[in-house]
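Please model the complete structure; the sequences and the hints are all you need to start from.
2 protein chains.
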Amino acid sequence: MTSYISNINQYIKSLDSDTLYALHSISSEKVYKKGEYLLRQNEVCTKSYLVLSGISRKYYLHDGKEITTELFFENDLAISFESYTCQQPSMEFIEALTDVKVSITYYQAFQAAKAAHPKLVALDLMLAEYYAMWVEKRLFQFHTQTATERYLDILERSPHIIQTIPLTIIASYLGISLETLSRIRAKI
Amino acid sequence: MTSYISNINQYIKSLDSDTLYALHSISSEKVYKKGEYLLRQNEVCTKSYLVLSGISRKYYLHDGKEITTELFFENDLAISFESYTCQQPSMEFIEALTDVKVSITYYQAFQAAKAAHPKLVALDLMLAEYYAMWVEKRLFQFHTQTATERYLDILERSPHIIQTIPLTIIASYLGISLETLSRIRAKI
DNA sequence: TCTACTATTTGACCTAAGTCAAGTGTATTG
DNA sequence: CAATACACTTGACTTAGGTCAAATAGTAGA
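Quick note, the sequences are listed as chains A and B, same order.
The first sequence: position 128 = 1596 (our numbering), numbered continuously.
The second sequence: position 174 = 1642 (our numbering), numbered continuously.
If you're looking for bench data, these hints aren't it; they were derived computationally from the structure.
Watch out, some of these pointers could steer you wrong.
Identical chains blur together in the list; that is why a pair holds if it fits in one copy or across any two.
No farther apart than 30 Å at their CA atoms in a straight line, the calculated lysine-lysine pairs in the BS3-like style are these [unchecked claim]:
| hint | residue 1 | residue 2 |
| --- | --- | --- |
| 1 | LYS1533 | LYS1569 |
| 2 | LYS1605 | LYS1655 |
| 3 | LYS1587 | LYS1533 |
| 4 | LYS1481 | LYS1587 |
| 5 | LYS1655 | LYS1582 |
| 6 | LYS1502 | LYS1605 |
| 7 | LYS1582 | LYS1605 |
| 8 | LYS1587 | LYS1569 |
| 9 | LYS1655 | LYS1498 |
| 10 | LYS1605 | LYS1481 |
Here is the structure:
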């Protein structure tokens, strides 16, 4: 599954220049300042954001607490999946944790491009498959790993996360309280 | 998201007869007896199973315990998603909980059909999107609901599950121990 | 019907993680 | 520099749910 991203990249590289041009022509760059929102709750996610630089996160509120569902780094595609797919109001927020440069593509424009360039449908499929596998893996981790194991996993796989992001957000991404995360860190 | 299934069904109905025929011509029916396996761990999920009748489940083993990840009823598409998508060995088993009649479509045949009938790529995309939203929702429930709430949710939404399926399996689907489920039931 | 299983319940105790509250440290800014 | 805020830690206590073990149902076959 990890290699699936390289599949996607290979597929993009293999696209004819006509299709690639169609894709580029509907994308535009934008910079969000740290703390700004790319998407707010109840808004419809009408755009996808390909992160060019910086870090952002997706979260929702539950009982007044923030539950971080995804962290977006360079080359990640930041959307609220259900809101984007169904073009319905989003439960989730997407927030810039640092200054973030993104390439924006509107849902409608991409749909039109898919109609004109069928190869983009296959690309969309690969992206949806990748996301489904990613969520499956996250669910799997919550079932099989303790909080400590999940923390160590991040620490090993993506140490840059720990350096850059406040512990409150890491804790909420790990599905634990800030205090518990602090204790886990003290033990190690 | 619930309505997304009807989107998919509408889309299937809207397909031209040529595409529909291509789809039907690569599918075949089969019956699995209660207790038989549609897929075993380490096998590659080379087929998709559209459940026509009966119930089956998908699970994996962790520390000797079975973790049920999905229950399949009539009209559900039973696959091990990552194994099917990447054509890699599966972590998961798919087991018939009752006698199950399925419509089988081979991965390779479906890929070929997609190449010949581009509208099937869009169908595949919708199915992947639906699954991604389904897994997202399940993750969301594990984050926001207690075991009792999750049980009540099933009880309300799909009471037939509780009647037909042994509690051990329901407990493992809810992510709790059999004993805890029994206590939850005693309280209500 | 009796036996042997399997399914479910109940009890006693344990543990990971949450909650509330009170620190300490470290920025940032007026 | 003081002051306010933010980031993190630590302590004391609570709780949901797990584990192990034993007791009851149910149920299918000899």
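Could you place LYS1605 and LYS1655 in one of the four classes (within, between, both, neither) given a Cα distance threshold of 30 Å? Only inside one copy: LYS1605 and LYS1655 sit 26 Å apart there, 33 Å across copies, limit 30 Å.
Please work out whether the CA atoms of LYS1587 and LYS1569 approach to 30 Å or closer within one copy, between two copies, in both situations, or in neither? So LYS1587 and LYS1569 pass the 30 Å test inside one copy only (27 Å; across, 35 Å).
What label fits LYS1533 with LYS1569 when the C-alpha limit is 30 Å: within, between, both, or neither? within (27 Å within a copy, 45 Å between copies)
With identical chains treated as interchangeable, where does the CA-CA distance between LYS1655 and LYS1498 reach 30 Å or less: within a copy, between copies, both, or neither? Close neither inside one copy (42 Å) nor across copies (54 Å); limit 30 Å.
Are the CA atoms of LYS1502 and LYS1605 at most 30 Å apart within a copy, between copies, both, or neither? both (29 Å within a copy, 29 Å between copies)
Intra- versus inter-copy proximity for LYS1587 and LYS1481 (alpha-carbon distance at most 30 Å): both (12 Å within a copy, 23 Å between copies)
LYS1582 and LYS1605: within-copy, between-copy, both or neither at 30 Å Cα: both (28 Å within a copy, 27 Å between copies)
Up to 30 Å CA-CA - LYS1582 versus LYS1655, copy category: Cα proximity of LYS1655 and LYS1582: none, with 51 Å in one copy and 53 Å across.
Same-copy or cross-copy closeness of LYS1587 to LYS1533 [CA-CA at most 30 Å]: The answer is neither: 41 Å in one copy and 43 Å across copies each exceed 30 Å.
Within, between, both or neither: how does the pair LYS1605, LYS1481 come out at a Cα-Cα threshold of 30 Å? Answer is within; shortest intra-copy Cα gap is 27 Å, inter-copy 33 Å.
In this structure, the hints that do not hold are numbers 3, 5 and 9, in rising order.
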